[in-house]
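K.L.:
Fit chain B to the given chain A structure using the hints.
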Amino acid sequence: MYFVKRLIALPPLLLLISLLAFMLVRVAPGGPFDRERKPATPEIERALRAKYHLDESVWKQYLRYLGGLVQGDLGPSLKQRNHSVNDIIAQALPVSATLGLASFCFAVGVGVPLGFYTAVRRGHWTEMIGTFYTLLAVCVPALVVGPLLVIVFAVKLGWFPVALWTSPLHMVLPVITLGFYFSGKIARLMREGMLNVLPAEFMVTARAKGLSDFKAWWRHGFRLAILPVVSYAGPMLADLLTGSFVVEALFQIPGIGSFIVNSALNRDYPLITGLVLLYAFLLIVLNLIVDALYAWLDPRVRYE
Amino acid sequence: MWFLPNASGNLPGAFRVLLAACLTALLLPALGCRPAAPRADLTIANGAEPESLDPAMLTGQPDGRVAFAMFEGLTRFNAVTGAAEPGLACAWDISSNLLTYTFHLRTNLVWSTGEPLRADDVVYSWIRILTPEVASDYSGNLYYIRNAEAFNLGKIKDPAQVGVHAPDPFTVVVELTNPTPFFLELCAFHPQLVVQRQVVEKYGDRWLKVRPLPVSGAFELVEWRLEDRIRLRRNPRYWDAANTGAETVDILPGNNATAALNLFLTKQVDIIWDKNLIPSDLIDVLRLRPDFHFFDFLASYFIRHNVTRKPLNDVRVRQALSMVIDRQRLVTRVTKGGESPSSHITPIGIPNYTPPEGTPYDPPGARKLLAEAGFPNGSGFPRISYLFNSTREHERIGVEMQAMWKQELNIDVELRSMEWKTYLRAQSDLDYDLSRSAWVGDYTDPNTFLDMFMSDNPNNRCGWRNPEYDALMRKANGSADSAVRERLLQQAETLLIKTDNAITPLFIMAGFNMFDTNNVEGIYNNLRDMHPLRTVRKVRPPRKD
Numbered sequence: 001m002y003f004v005k006r007l008i009a010l011p012p013l014l015l016l017i018s019l020l021a022f023m024l025v026r027v028a029p030g031g032p033f034d035r036e037r038k039p040a041t042p043e044i045e046r047a048l049r050a051k052y053h054l055d056e057s058v059w060k061q062y063l064r065y066l067g068g069l070v071q072g073d074l075g076p077s078l079k080q081r082n083h084s085v086n087d088i089i090a091q092a093l094p095v096s097a098t099l100g101l102a103s104f105c106f107a108v109g110v111g112v113p114l115g116f117y118t119a120v121r122r123g124h125w126t127e128m129i130g131t132f133y134t135l136l137a138v139c140v141p142a143l144v145v146g147p148l149l150v151i152v153f154a155v156k157l158g159w160f161p162v163a164l165w166t167s168p169l170h171m172v173l174p175v176i177t178l179g180f181y182f183s184g185k186i187a188r189l190m191r192e193g194m195l196n197v198l199p200a201e202f203m204v205t206a207r208a209k210g211l212s213d214f215k216a217w218w219r220h221g222f223r224l225a226i227l228p229v230v231s232y233a234g235p236m237l238a239d240l241l242t243g244s245f246v247v248e249a250l251f252q253i254p255g256i257g258s259f260i261v262n263s264a265l266n267r268d269y270p271l272i273t274g275l276v277l278l279y280a281f282l283l284i285v286l287n288l289i290v291d292a293l294y295a296w297l298d299p300r301v302r303y304e
Numbered sequence: 001m002w003f004l005p006n007a008s009g010n011l012p013g014a015f016r017v018l019l020a021a022c023l024t025a026l027l028l029p030a031l032g033c034r035p036a037a038p039r040a041d042l043t044i045a046n047g048a049e050p051e052s053l054d055p056a057m058l059t060g061q062p063d064g065r066v067a068f069a070m071f072e073g074l075t076r077f078n079a080v081t082g083a084a085e086p087g088l089a090c091a092w093d094i095s096s097n098l099l100t101y102t103f104h105l106r107t108n109l110v111w112s113t114g115e116p117l118r119a120d121d122v123v124y125s126w127i128r129i130l131t132p133e134v135a136s137d138y139s140g141n142l143y144y145i146r147n148a149e150a151f152n153l154g155k156i157k158d159p160a161q162v163g164v165h166a167p168d169p170f171t172v173v174v175e176l177t178n179p180t181p182f183f184l185e186l187c188a189f190h191p192q193l194v195v196q197r198q199v200v201e202k203y204g205d206r207w208l209k210v211r212p213l214p215v216s217g218a219f220e221l222v223e224w225r226l227e228d229r230i231r232l233r234r235n236p237r238y239w240d241a242a243n244t245g246a247e248t249v250d251i252l253p254g255n256n257a258t259a260a261l262n263l264f265l266t267k268q269v270d271i272i273w274d275k276n277l278i279p280s281d282l283i284d285v286l287r288l289r290p291d292f293h294f295f296d297f298l299a300s301y302f303i304r305h306n307v308t309r310k311p312l313n314d315v316r317v318r319q320a321l322s323m324v325i326d327r328q329r330l331v332t333r334v335t336k337g338g339e340s341p342s343s344h345i346t347p348i349g350i351p352n353y354t355p356p357e358g359t360p361y362d363p364p365g366a367r368k369l370l371a372e373a374g375f376p377n378g379s380g381f382p383r384i385s386y387l388f389n390s391t392r393e394h395e396r397i398g399v400e401m402q403a404m405w406k407q408e409l410n411i412d413v414e415l416r417s418m419e420w421k422t423y424l425r426a427q428s429d430l431d432y433d434l435s436r437s438a439w440v441g442d443y444t445d446p447n448t449f450l451d452m453f454m455s456d457n458p459n460n461r462c463g464w465r466n467p468e469y470d471a472l473m474r475k476a477n478g479s480a481d482s483a484v485r486e487r488l489l490q491q492a493e494t495l496l497i498k499t500d501n502a503i504t505p506l507f508i509m510a511g512f513n514m515f516d517t518n519n520v521e522g523i524y525n526n527l528r529d530m531h532p533l534r535t536v537r538k539v540r541p542p543r544k545d
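Here the protein sequences come in this chain order: A and B. By the count of the numbering used here, the first sequence reaches residue 304 at its end, each step adding exactly one. By the count of the numbering used here, the second sequence reaches residue 545 at its end, each step adding exactly one.
Next comes chain A alone, as it looks inside the complex:
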């Protein structure tokens, strides 16, 4: 019932978000057709605005936009004028989603075992290495990691391509650059979760029943320890799936992250509204999935 309610709340929420996005982008000074070179007469600019209905009142424009939205049409791009917003999303989202999913896997694949290990081996000297990695990952931004990886592994060693997005090899450096921070963040969450669980009474009971250290950690501890990671993973996945401007710009990847930033800079009203809606939709849906996972992982959690 709880999830049905949340699903019913989804459309009005998206409507509100679309309204906010639609109005806010129009507050920024400058317009989509402001250029260094103005057309020969102001009439042409007026005709251009009329062509895209920008001469109508904002409310009328919004209703027109909603009309398209209902039919799944997010409108034309005002910057990429031979493409519609649907075209752009259809082309760029899979790229960003691939990059994001791969980075997610990298982050989880590195972060979870590392956090688990550094928690259970507390005090051992190898913990130091793990903690150092975590600290580095959280502190050094992609803006630094990316170029460093490029210089070492692409320019100097020539193992990987420096940029572009054409073969699996092209993915390695961007995925590491994008996933590095999140792997550190996840390792920390996992470690904290595990450290909280280790001294719990049920763990002592499990040990007392004769389970080995490891079985106790895994069967009884891990499920609860990973909860902070799960709740973090939802928004993180939404973030990763919709692309990263920095990483996409660094490696010239044709993903959606660069469109999100550039559409705002270009005052491409339909594109930015469409992308904000997409992001909001993903965020809400993924959070819903996280809540469902929570209930499955932690028997104490019940939704009313």
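Some hints here could point you the wrong way.
[What the hints assert, rightly or not] When the alpha-carbon atoms are kept at most 27 Å apart in a straight line, the in silico DSSO-like pairs for lysine-lysine are as follows:
| id | chain 1 | residue 1 | chain 2 | residue 2 |
| --- | --- | --- | --- | --- |
| 1 | B | K155 | A | K51 |
| 2 | B | K475 | B | K498 |
| 3 | B | K475 | A | K51 |
| 4 | A | K156 | B | K267 |
| 5 | B | K538 | B | K475 |
| 6 | A | K156 | B | K209 |
| 7 | B | K336 | B | K267 |
[To be verified] Per label pair, the in silico range of CB-to-CB distance:
| id | chain 1 | residue 1 | chain 2 | residue 2 | range |
| --- | --- | --- | --- | --- | --- |
| 8 | A | P29 | B | S340 | 54 to 60 Å |
| 9 | B | G154 | A | R64 | 34 to 40 Å |
| 10 | A | L157 | B | K202 | 22 to 28 Å |
| 11 | A | M23 | B | E468 | 52 to 58 Å |
| 12 | A | L66 | B | E468 | 53 to 59 Å |
| 13 | B | K202 | A | R64 | 38 to 44 Å |
Because the hints were derived from the structure by calculation, they are not lab data. From the three backbone atoms N, C-alpha and C, an ideal C-beta is built for every residue, glycine too.
P.N.:
Same frame as chain A, now just chain B:
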């Protein structure tokens, strides 16, 4: 094993599963990509993603480079000089009063899809760009044609009244309002490129999505993936296809200069030919490389003075500000890319025109003028600002001039950096004191730099209106005698840059490109920065991989 958490070395099954899952997760990236397409003969870093490839809509230089490869006009650009040479038209006659051009089309013209290309297609393409609903940014480029402006503004509705006609399938007759010495060059420029009526009318704004796309130029459009690549293939039906240099070309969009340079250095890109893709911090080092080429470019960098605001409404103040700018220092210490310092806005190298000198570098004279204007030694001078769009290069130029104004005139100029669109809006709203400006010429004639400062031109944007200037420009453009025209244009330019000093030219911009002459040939540096793709080829035969 010391690194495993369980001292007994006995791993529980579930943990092994988890470990395996994590390892798979690490390998997943390798599975997510589409297979690599075979590499094109030529790969070119082209600058920003084209906004459009429609000749009627596009505005940017990167867009134009692709459109010129796909579409052709009555004339086309010569690869070496950038001047107009026969294109779809093999010859033309010009009437003695220079007002009527009769173009003779080649008889073997076909679209890449096989249909014949005829004079009607030319007339259609030109009328299309003038149609008010198309709202083309560049329709002004056709205003030299009789009634074109009136039709574009909706004052006349009948396209037959516009001075372009096709009396037979191989002849296009154009009537002009004034002798226009650069008209043949305009016929090669993108607003006049020829597109196919059937496909445009059938598909509207989405006609560039049609495959196969009928094109009139040397290359067909195979694929256009935004921010990824544009794949072009040689059009075998192009009239001059025998001389097309490459079979396939990949045009890579991108604004990241470092990535472009890395791609070039690792030989994944053969040519970088957009000046925004040259990292300005590295220009000192790059200039020494044999594969780095720079040349004079038909573009001017200057300051607009907002003449409607105090104290810049006083010409003495404007002159004083411009007389203390050491242009030589700007190009040798700040820009360093081979730009030429210039006190005039029209670049040197335009045929039949020698630009006049503007305000000289004369700090003592400037101090005197400023004192006469009521600000001896800068005292009482209000705080004004210098507006620029936020990039490092523009900021460095601003900082350097700020120091010059402070040192020589003892006045404080605040630097005001703005995001691009906000900057453009501030400039058109005259919401500035001094503003960084630049202009790239559309054709090799002073008019492309000078007509924008006529009173009613939307690109004026400095509030300067001078009837004498307007009259000189009109008279010059009505003149059929090139010597008379030159003199009138010089008088107008002097008025603009010296007598009234509405703008202060700083330098003529440089064009850059990078390619290894042992690898690529057919790129020639000219004032227009025009490098038709059809002549560019690999020195060695294309690799088979």
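K.L.:
If a hint holds in the structure, say so; if it does not, say that too.
P.N.:
Hint check results:
1. This hinted pair checks out: B/K155 and A/K51 have alpha carbons roughly 19 Å apart, not beyond 27 Å.
2. Our distance criterion of 27 Å between C-alpha atoms is met by B/K475 and B/K498, whose separation comes to about 20 Å.
3. Our distance criterion of 27 Å between C-alpha atoms is broken by B/K475 and A/K51, whose separation comes to about 36 Å.
4. A threshold of 27 Å between alpha carbons decides the hint, and for A/K156 with B/K267 the separation of about 14 Å falls inside it, so the pair holds.
5. In summary, the hint linking B/K538 to B/K475 is not supported, as the alpha carbons are separated by about 48 Å, beyond the 27 Å threshold.
6. Proposed proximity of A/K156 and B/K209 is contradicted: the alpha carbons are some 40 Å apart, above 27 Å.
7. The suggested pairing of B/K336 with B/K267 holds, with an alpha-carbon distance near 26 Å, which does not exceed 27 Å.
8. About 35 Å separates the C-beta atoms of A/P29 and B/S340, a value inconsistent with the hinted range of 54 to 60 Å.
9. Separation of B/G154 from A/R64 is about 24 Å and departs from the stated range, judged on CB atoms against 34 to 40 Å.
10. At roughly 52 Å, the beta carbons of A/L157 and B/K202 sit outside the given window of 22 to 28 Å.
11. For A/M23 paired with B/E468, a C-beta distance near 47 Å fails the hint of 52 to 58 Å.
12. A beta carbon spacing of about 54 Å between A/L66 and B/E468 agrees with the range 53 to 59 Å that was offered as a hint.
13. For B/K202 paired with A/R64, a C-beta distance near 25 Å fails the hint of 38 to 44 Å.
When held up to the earlier numbered hints, the structure conflicts with 3, 5, 6, 8, 9, 10, 11, 13 and fits the remainder.
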